[in-house]
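A.B. asks: Below, each chain spelled out in residue letters.
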Amino acid sequence: EAGVTQSPRYAVLQEGQAVSFWCDPISGHDTLYWYQQPRDQGPQLLVYFRDEAVIDNSQLPSDRFSAVRPKGTNSTLKIQSAKQGDTATYLCASRDRDTQYFGPGTRLLVL
Amino acid sequence: AQSVTQPDARVTVSEGASLQLRCKYSYFGTPYLFWYVQYPRQGLQLLLKYYPGDPVVQGVNGFEAEFSKSNSSFHLRKASVHWSDWAVYFCAVSVNNNAGAKLTFGGGTRLTVRP
Numbered sequence: 001e002a003g004v005t006q007s008p009r010y011a012v013l014q015e016g017q018a019v020s021f022w023c024d025p026i027s028g029h030d031t032l033y034w035y036q037q038p039r040d041q042g043p044q045l046l047v048y049f050r051d052e053a054v055i056d057n058s059q060l061p062s063d064r065f066s067a068v069r070p071k072g073t074n075s076t077l078k079i080q081s082a083k084q085g086d087t088a089t090y091l092c093a094s095r096d097r098d099t100q101y102f103g104p105g106t107r108l109l110v111l
Numbered sequence: 001a002q003s004v005t006q007p008d009a010r011v012t013v014s015e016g017a018s019l020q021l022r023c024k025y026s027y028f029g030t031p032y033l034f035w036y037v038q039y040p041r042q043g044l045q046l047l048l049k050y051y052p053g054d055p056v057v058q059g060v061n062g063f064e065a066e067f068s069k070s071n072s073s074f075h076l077r078k079a080s081v082h083w084s085d086w087a088v089y090f091c092a093v094s095v096n097n098n099a100g101a102k103l104t105f106g107g108g109t110r111l112t113v114r115p
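Protein sequence lines, in the order shown, are assigned to chains X and B. So in the numbering used here, spot 18 of the first sequence is number 18, and the numbers just go up one at a time. So in the numbering used here, spot 85 of the second sequence is number 85, and the numbers just go up one at a time.
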């Protein structure tokens, strides 16, 4: 069974540029999560979906970050006008019952 | 609000030695607790999980953890460390009485294994 896949694996951009991250969860998992993991810190939840509905986006910086999951399968996380403080690894996870399964992440560097 | 503290940011042990990684949680409800491991350039992988019941839980690769309500702790242990255990370990608590639905992670402990 394929795991959670993410692309791209790496991204480097200048402040003010936009970037999108893509996640393909494990087939059949209805719940999908996006986390931000700054260097040498634990993952911090940004947003999560059940099917196509947003369940919790309270930690998503809404002025520059957006996330969608239009058909309840794949998901896209977008950062408009990136800042240096957005430098981190962005992890996607999907859930089966009580366990979250993580993708390898996208490492973002904002110069 | 719930929180998880991993007091030791870095731990170094010799291969073959025993290991304990500490985790303290703060949560007023029934905690569901998890340990994940992150190898370089990879996502997090589940080592073990605790549900209310037996306080000692067994995980993969010889890891186990013990839950203590009185100490608000969920420490991870291994009897004999292997070089392949070199990784970052995260403790997490699940809230809202829905196991695994929403995780709060600690800051992680980076384990180095000396030959």
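Mixed in with the good hints, there may be bad ones.
[Said to hold, decoys possible] Here are a few chain X residues that sit away from chain B, every Cβ distance over 10 Å (derived from the structure):
| id | residue |
| --- | --- |
| 1 | Glu15 |
| 2 | Val19 |
| 3 | Gln41 |
| 4 | Ala67 |
[What the hints assert, rightly or not] So the derived list for chain X, only partly shown, Cβ under 7 Å to chain B, looks like this:
| id | residue |
| --- | --- |
| 5 | Ala2 |
| 6 | Ala11 |
| 7 | Pro38 |
| 8 | Gly42 |
| 9 | Thr99 |
| 10 | Phe102 |
| 11 | Gly105 |
[Said to hold, decoys possible] Pairs of lysine-lysine residues, derived as DSSO-like cross-links and limited to a Cα-Cα distance of at most 27 Å, are as follows:
| id | chain 1 | residue 1 | chain 2 | residue 2 |
| --- | --- | --- | --- | --- |
| 12 | B | Lys49 | X | Lys78 |
| 13 | B | Lys69 | B | Lys24 |
| 14 | B | Lys69 | B | Lys49 |
| 15 | X | Lys71 | B | Lys102 |
| 16 | B | Lys69 | B | Lys102 |
| 17 | B | Lys49 | B | Lys24 |
It is worth saying that the hints were derived from the structure and are not from the lab. Predicted, not measured: the structure shown is a model, and the values here were computed from it. Cβ atoms here follow ideal geometry from the backbone N, Cα and C, with glycine treated the same way.
A.B. asks: Determine whether the non-interface label on Glu15 of chain X survives the test: each CB of chain B must be over 10 Å from its CB.
C.D. replies: 25 Å, holds
A.B. asks: For the hint on Phe102 of chain X, just tell me whether its beta-carbon gets within less than 7 Å of chain B.
C.D. replies: Hint holds; Phe102 of chain X Cβ to chain B Cβ min 3 Å, cut 7 Å.
A.B. asks: Given the hinted pair Lys69 of chain B and Lys102 of chain B, is their alpha-carbon gap at most 27 Å?
C.D. replies: 21 Å, holds
A.B. asks: Between the alpha carbons of Lys69 of chain B and Lys49 of chain B, is the straight-line distance 27 Å or under?
C.D. replies: 15 Å, holds
A.B. asks: Below or equal to 27 Å on CA atoms is what counts here, so check Lys49 of chain B against Lys24 of chain B.
C.D. replies: 15 Å, holds
A.B. asks: Take a quick look at whether Lys69 of chain B and Lys24 of chain B sit within 27 Å of each other, Cα to Cα.
C.D. replies: Roughly 10 Å separates the two Cα atoms, so the pair holds.
A.B. asks: Gly42 of chain X was flagged as interface toward chain B. Is the shortest Cβ-Cβ separation under 7 Å?
C.D. replies: Given a least distance of 3 Å, the restraint on Gly42 of chain X holds.
A.B. asks: CA of Lys71 of chain X to CA of Lys102 of chain B, is that 27 Å or under?
C.D. replies: 22 Å, holds
A.B. asks: Do the numbers back the hint for Pro38 of chain X, that is, is its least Cβ distance to chain B under 7 Å?
C.D. replies: 10 Å, violated
A.B. asks: Checking one constraint from the list: CA of Lys49 of chain B to CA of Lys78 of chain X, max 27 Å. Satisfied?
C.D. replies: 32 Å, violated
A.B. asks: Does Ala11 of chain X pass the interface check with chain B, least Cβ-Cβ distance below 7 Å?
C.D. replies: Violated - the Cβ of Ala11 of chain X stays beyond 7 Å from chain B, reaching only about 15 Å at its closest.
A.B. asks: Hey, does the Gly105 of chain X contact hint survive, CB to chain B under 7 Å?
C.D. replies: Holds, because the Cβ-Cβ distance from Gly105 of chain X to chain B comes to roughly 6 Å (cut-off 7 Å).
Comparing the model with each numbered hint stated earlier shows that hints 3, 5, 6, 7, 12 do not hold.
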